[in-house]
Every structure is written in structure tokens, then in C-alpha cells.
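Each chain is listed here by its residues.
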Amino acid sequence: MVQIDNILPLVSKPGRYSGGEYNICIKDKNAVKLRFAFCFPDSYEIGMSNLAMQILYHCLNASDDVWCERVFAPWTDMEAEMRKNNIPLFALESRDPIKDFDIVAFTLQYELCYSNVLNMLDLAGIPIYARDRGDDCPIIIGGGPCSYNAEPVAEFFDIFSIGEGEEALPELSALMVEMKDNGSYTREAFLRRAASLGGFYVPSLYNVEYKEDGTIASFTPIFDDVPAIVKKRVISDFNDPKFIPTKPYMPFIDTVQDRITAEISRGCIRGCRFCQAGHVTRPIRERSVDCISEAAQKTFENTGYSEVSLSCLSVSDYTKVDELCDKLLEWTNEKNVSLSLPSLRADSFTRELMEKSGAVRSSGLTFAPEAGTQRLRDVINKCLTEEDLLNAVRIAFDAQKTTVKLYFMNGLPTETDEDTVGIADLAHKVIDAFYANPNHNRRRQPTVTVSVACFVPKPFTPFQWEAQVRRPELERRQMLLRDSIHSRKVRYNYHSAEVSYLEAVMARGNRRLSDVIYEAHKQGIRFDAWDEYFDYNKWMECFATCGIDPDFYACREIPEDEILPWDFIDCGVSKKYLLKERHKAYAGDASHSCKDGCGGCGADKMGECLCRSQK
Amino acid sequence: MSQPKVTFKYYLRFKKFGTAVWISHLDMVRTFQRIFMRAGISIVFSEGFNPHPKMVFAVPLPLGASSDCELLEFRLESERDPAYILQRLKSVCPTGIEIFSVELAERKFTDICYASYDFTFSDDVLPAIGTVVEHFNARPDAVVLKKTKSGEKEKDIKPCVGKVEATNFGIRAILSVDSENFLGPELFMTALNQTTEALGMPRISPRSVNRTSMLLKNMISTF
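In the order they appear, the protein sequences are chains A and B.
For the first sequence, the working numbering gives the first residue as 1, with consecutive numbering after it.
For the second sequence, the working numbering gives the first residue as 1001, with consecutive numbering after it.
Do not rely on the hints blindly, as some may be mistaken.
Just some of the chain A residues that point at chain B, by a computed CB distance under 10 Å [as the list claims (entries may be wrong)]:
id, residue
1, I26
2, D28
3, T303
4, K335
5, V337
If you are wondering where the hints come from, they were derived from the structure by calculation, not from laboratory data.
Note that the structure is predicted; figures quoted are calculated from it, not measured.
In this text, a Cβ means the ideal position worked out from N, Cα and C, and glycines have one as well.
In isolation and in its complexed conformation, chain B is listed as follows:
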């Protein structure tokens, strides 16, 4: 057996917006493999029969949502200046993927417990948002059907909701992202629409969803 290689772990932070919001999670993996290849930065490959560049995204982002705070982990076989890596990568990114920081990894992705999302609604829905949020927050539970590998399952997602508030653009929500209690913006909207239904209002759906920050357990400090 060969010795496990010593590698250097980096985090890369980027924004995703515009046409790039339509790149799915799986396609993002391939997109970044090619960004690294174009930049001439050879990241550590997986072992095995079909080696491929190894990278990990911190928290999956649903198709159609934008983000100010995406995080990607990759490894290099030798230590490189993060500023150099950043400059190389920035020059070969597609529109809508804007890398703004590369750093040597010092924390763990598992420290990320929550993410904050901004849901923007059209003007005709906005006046009703305050009432919807108020009623949603007052609910003791929010049981929704959650798709899992083994089919659909009922789950109370209320404990996965950190905080929901009405804003001048719509809703800001802090949702759990740890693997046990993951709550994505889509399922959150499903739960929210149970409230609109109970209030006898039509379904609401946001014009856009933007992830604004990755948060630690205290829901205040960013990762």
C-alpha cells in the first residue's frame, strides 16, 4: 500500500447569479472541473479506476436560486499562494460565476449549521407577506412530505426553521443546512404555502431566491 498523500486543503468562495443560476448542482461539479483545468491548476484527483478531480460543495443550491456565498473545497498537492490561485481562476469563469476568495481551509464545512435566504416577491404579493409570516411563525409545527431515497416521508420541518421575517422585498429566512435537518428553500416554500392555504389566500411563489450567507450554530456569525 502506498502512503496517503499529504495534500493542502483550500476553500473557494463564489457568487452565482444571472444565467448561471440554471446550472444544476451536478453540472456545477463539471463546470468547476473545467475552470480548474483552464486555469492550469491541477487539483488532487480521486483514486481508482476512473480518477476525477476531487471537490466538495458546502451546501447544495437549488436550480434557479442565486447565491452570494457559495463554498467549494478542493485540494492541491503542493501549497500555492491563494491570491495567485484566485487570480488564475477568476480569468476563466463563465458569466454568473464570480469567485471572490480563495483561502487555506482552517475550519470544517460541518461547522455550517444554517443558511440565510432572501425570497423576493412581486409587488402584488408583498402586502400579504407580513400576515403569512406571522401565521407561519405562530404554527406549532409544519409537517410536509419530504422526498427521500426510499420514497416520500412526512416530516415536521418547523424545527429546521431558524428564523423567518417579513422584509420590504419579501421574506428573509434562516434555514438549517446540517445533514440531519436539511431544509431547502423549495420545501420551505411548500410549508409556507400551507399557511397561505389555511388563510384562504392563493399560493405564493417568489420571483427570485438568493442565498446570502452561510451561518454557524449561533445564526449570526458567518462561516
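Only chain A is shown next, with the shape it has when bound in the complex:
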């Protein structure tokens, strides 16, 4: 156990490191067989808000043999104190150094956390490269969205868990307990058996050959018993209450999400062509109304939270959304608990939904048209019309709302200046819709906030082959949009093209990037997801030092017959389907939603999908 009481008074927000939060899991370390450190490679506030970590903490601690504890990236002031006082990275529950744990897992939620992973390993005193770790070192696991192409960090991890971890991680833990119990455990033997457990990718068991141009020539397992294709895991029963954490740990300090998060579905019926989450989380499954409501009510009793937030990719696409809201409102109203429905789609937005949700109290609503013209929305398969959006804002304005937030993307495939200017036009039309409504709010003026991200081509999307538009051109389009906005009632903000560029490099990177990330770590790079720490020039120097051209990963249109670094992963959705969708995009054809019949993406082979049960 490390001593931190003397340094806690010296750092900001000591509650990030103190532990002792309500509903955490404390076990007798002498009575458990496996110590599991679940690391979130970003600040406490971000990590404590993450639902996946909450779920897996719950599933792992369900076993008497395993004690799973939380670890977050210490903020820079704490890191400095820890280094000064030789305090290694420790787990919050026991304050034991994680280098003495059996398994250290990192959830990789976004590419910009990679530098933090290395820094945390370093702070823990664990060798950063997997090849430098011996039998006495913990096994380092990665999981989460980025594990669908974790090749850039492949050299640092022993295992990646692909897909849903609720059953996979306890199985892996059980395997380790078994091998340590019967004396057969060595790092090598364990990794070999883990590789054939299903859903686990062990990078050291695959050999990558490159062509002279830097593209992949072959990607093959080293041994015959190692699967050539790693199939992602999908849980056996999405409605099984044992997967739902109803005693979530609760932070004392203010965090991003500090409320009951009720997960209502996985997968998305829409298939927006830029969206990775919408594809890799298929098959589409919905939790039953009763299951959701019971779990949420139990969670309320165990937490005392005053808000329930529904969580999934698109709340209003949940088949029985009205019934669900009514069921929840039966008890939430009485307990003074509010209900919030984030991620509403403009085309399924109704006055009833708005009134049921906590949106009644707030002054505005948020929608994501993603593109400025119908043509481009068809290309990206965001099947939302201008009329849908204007209808939705009319409902909102009629209900005296005054603020609307609109999310868009810049640099989408086939985008022209007309599409960019179209974003401004749409924003102006929303303002016009406000004044056209005779019943609009007379006390406050309308505000439309236009928030524009840069398109990042992501693995396992129909746009995985696309080139990212180069930075100067992206920035020109950002300025074009700025100059096209004439109304002072429209607020405009946009993402940094530099950050999006690094994201694109990492998202489609291969193993050769590991050395660049290591170099970045050596240069002190960390907390890339934070504006105040992101240093573009420093990153570019690291690429130069390693002789790697980042444009190769971000700005190159990948030929359709090229071997992709992530081709060996089966996420359910087939490459054939992604290609078909890509070609439809270029033809300007939208695809119907899975509710209107199966689109043949292939994910249904992983389990029952909503598209089959619907018709």
C-alpha cells in the first residue's frame, strides 16, 4: 500500500485519488486469487463517467476469486508529486501498486489516450513494450472501441479483448486463476491459451510482413492453433440482469456523468457511413422495458441519484420509447428524479418525447444533421431531411425553447463548397423557423449553435478507405463556413483540424506507429485529448524522428484490394457490405434503416438482431 496522505493536500481535487467512494468494491486481498486493475487512461472525472468501466467492474467483481479495482491517469500535478516521492501508480480501492497485480487492463475509448497509456505504465514501473515484460509482470490487456484497430499500440499490449467484455474478461481471469492454481502459468503459455479462448487478440502471436510501399503484404498467425480471424464477442443475453450494474460506484467530486445511466440498446439501425459505433456494436438488441425500469429503480435505491439518463446510440429509435418513458415516469416523478433523453433524432422527435424528458426544463435541444445539403446527407446515409429538422425545431420553438444546437461534420467524402455553405443556410432556416412561429418565445431571442467536427475515416465503416481532407483545405472550408454565416444569432464553433488529423493517423494506423507513440511518451506527451496539453508540432517531430509519414495513414485513399491492418478482426459487419455501402455513397444512394428490413450487414451471425425480429 502506498502512502499518499502527505501529498494529497498538495494537489488539486484530492478526491480524485482518495478512494472511499460509495458502492466501491472492497475485498480481502488475501482471500482473492487474482488482482485486476481496470485503468481508464484519462482523468478521474472522465473515467468515472464511463459506463463500460462501471459494467466490467461489476462483472469482474461478481467472482469471489477476482478483485477488480479502478485506476485513472493522475493529473499532471499529482503525477509530479508521485514521481518526486517515488510513489508508483496505485489502484484506488487498496492503494496497492498495480505492478504487483495479475492483470492490468486499459479501456481504449479514443485514440488520443494512447500517450496516457504509456505514461501510466511508466508511472506504474511496468516495462512499456510487451516484449520487455517477464513472468513476474502483470498481463496488460486493452479493450474498448479502439481495440477494433489497436495496431498502433500493439507493441505495448499482451492481449486485446475484442467486442463485449462482460463474459470475456471473467473467462480470461478464470483461465489465469486455473493456470496459476495448477502451476502451469507462464506468460507465454497463458497468452497462447488466451488466443484460442475466443474474442482475444494476442499481437505477439501474429507476424506482419510489409511491402516496399509500406502497405501490408501478409498478416498471419505464428502457430497453427492461433486463429487467423479474431471474432468479436457478443454477450449471450442482453436482457440478463447480471450484466447490469445496479450498485454503481459514485464519485464524491463533480464528474461529467454523475447520474443513473440506463443502457437501453446496443447497435444502431441507421448505418451512418462515417460512424464506427453504429457498425461495430451490432447486432442490434433492445433491452426490455421491464428489465430497464427494474434495474434503474434498483440503482436509484442503491445510489440516491436524482436523474436517470437513457443511454444508447439513438434513444428515439428504441422501439417502445414512449412505453419506456411512461414506465420510468411512474416512479421517477414521485421520487423527484428527472429523466433525460440524450441523442434524440430530429426525424423521430415528438412533442410527447420532449415533454417526457428533462428537456422540459432546459431551454434548448440538440440535433445532428451532420451535413449541410440533402445530397451529402444521402451520401453519408444520414437519412434526415431538412423538413424533419425544421419540424423538430418548430415543436421546440412552439414549446418556448430558444436554443438549438446542431452538430455537423466537415471534410466528408464528396463534400463541395455548396455543402459547406449549406450548413450556414440550414442554421439560418432554423432562425427563420423561430420567427415564422407566431407562438415563439417573446422574452428571449433564438440562438443556433453550429458545432462542426472534422471527418475522421474509421475502421469498420463504409468510409474506412477514404482519405482525410488535408489540413489547409479543411481549414479553408472552416473559414468558408464562418464567412457564410450572416446572422448574429448563429454561433459557430469547430474542432481543431490538427487534432482530427492525429486521430485519423491513429485510427487507421499499423504496428509501425508503436515506435512513434513511444517517442511521444519519451518527449513527455500526454493528455492529448486536452487542448491545453495537445502539442501538434511535438507530435510531428516524433513522426519525423521515427521516419514515419503520417499522411500515409490519414490522407491516403486506400485501394479496395489492399490488406487493412484490421482485416483479421471479424466485428460482425462484413467487408463486402461495407464496400457495397461505400459504392452506394458514391452513387448518392441512401440505405434504409434496419427497421425497414435487414440490410444484410452480416452482424446477425453473431446473435439475434432486431432487423430479423421486426418483420
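Chain A is fixed; fit chain B onto it per the hints.
Showing chain B alone in chain A's frame:
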């Protein structure tokens, strides 16, 4: 206009220690709102656009300090047995928050004039404490910079010091907590370190600070 509601006022006493000392004052408010919610005790909400459970802490406690004598006031719409409330609340508290009494409020928080604090120092500092305290007590004044809403202000905090004595663990100090003359343990330490500086000694800082009692005007009777 609706009639003002008749409500019942209670005091709750609790200890704060261990990891809970790192819960700030603001976070304590939220922590207690949730303790009440979990216990199924619905306390009176504030009126207005964004109603929230109404509660008042007697005297703020600085981050990092523990306490044996925290006090919280809350209201109920109907009278409940304090023993029942206590039992409900006790079962849903986080580690380091130990509620030991619930009572119907009969006095006013404004009766609290002083609080007593124990400052524990490490062994290497202890031998010097007697001299520091002696010199501090002999000072005619102790002017320090006090942060206020409108910036920093010089203030003589000597009149806010009730009593300071050296003990075998360090220092026991009785400090004023009434709103006009509030003196927290941190500012007290600043003033004390003016004395160490004058004596040519290094700065001292306690290993731990614990509030032991809330006192009435006579500095003897506890609230």
C-alpha cells in the same frame, strides 16, 4: 400565495474521517442529498424553478480536516422518530461519514461561537511547539491577508483566537466561528507560521487537523 408550510427541523451530528476528509464542502451537500435519498427520507425541498433538498451545515470544514462534531440541519414535512431516522441514515453512509445522532432542533446554529481543533504534528516538530505557542500567545496582534469576495484584505485575527495550548500531540486551539470573526484552521496556521518565522524556525504544518467540538460563547459548553 400559498401558506408557508409547517416543517420540522432536525439536527444531525456526524463524524468525518479517513478518505471522507477529502470531500469538499460543496461535495458534502450533494453527498448528503444522496444519503437522504437512499435512506428514503424525503427532506423538504427548496421552492423555485430548480427545487433541491434544503440543508445547512453549521460550520464549514476545510478540505483535508477530520471532525468529531459535524452538524447538519434539515427539515421534514412530518414529525418522525429521530431514532428511526438515525437508523435509516446510518445504513447508507459512505466510509468515513459516521452519523451518531439525530435530534429535533431546539437551539440555533448561531449559538455556536467557537470550535476546538487538534493539530497533530510529526515528532520532529513537537519539541518546538511549546515555544511557538508561547510566543504566539504573547503577540499583541496577528495581522494576516484574508481572502474575501472582493479580493484580499488585511485582518488582525488575534481577537478570533479563543485559546491556544501546546499538547503532547501538538496544538489544541479554540477558534471563533461566528460569521463576523470566522477563523479557519488554515488561516490560523498562517498566523502561527509568522511566529515561527520571527523565531527563525522553519515553517511547520500539521500532519492532521481534527475538529473536536463546537462550543458556545463561554468556550466550555458544547453545542
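Structure-based check of each hint:
Restraint check, I26 (chain A) versus chain B: the minimum CB separation of about 9 Å is within 10 Å; hint holds. A cut of 10 Å between beta carbons decides the hint on D28 (chain A): the least distance to chain B is about 16 Å, and the hint is violated. Of the supplied interface hints, the one on T303 (chain A) holds, with its beta-carbon coming within about 7 Å of a beta-carbon of chain B, less than 10 Å. About 8 Å separates the beta-carbon of K335 (chain A) from the nearest beta-carbon of chain B, less than 10 Å, and the hint is met.
Checking V337 (chain A) against chain B by beta carbon gives a least distance of about 9 Å; that is within 10 Å, so the hint holds.
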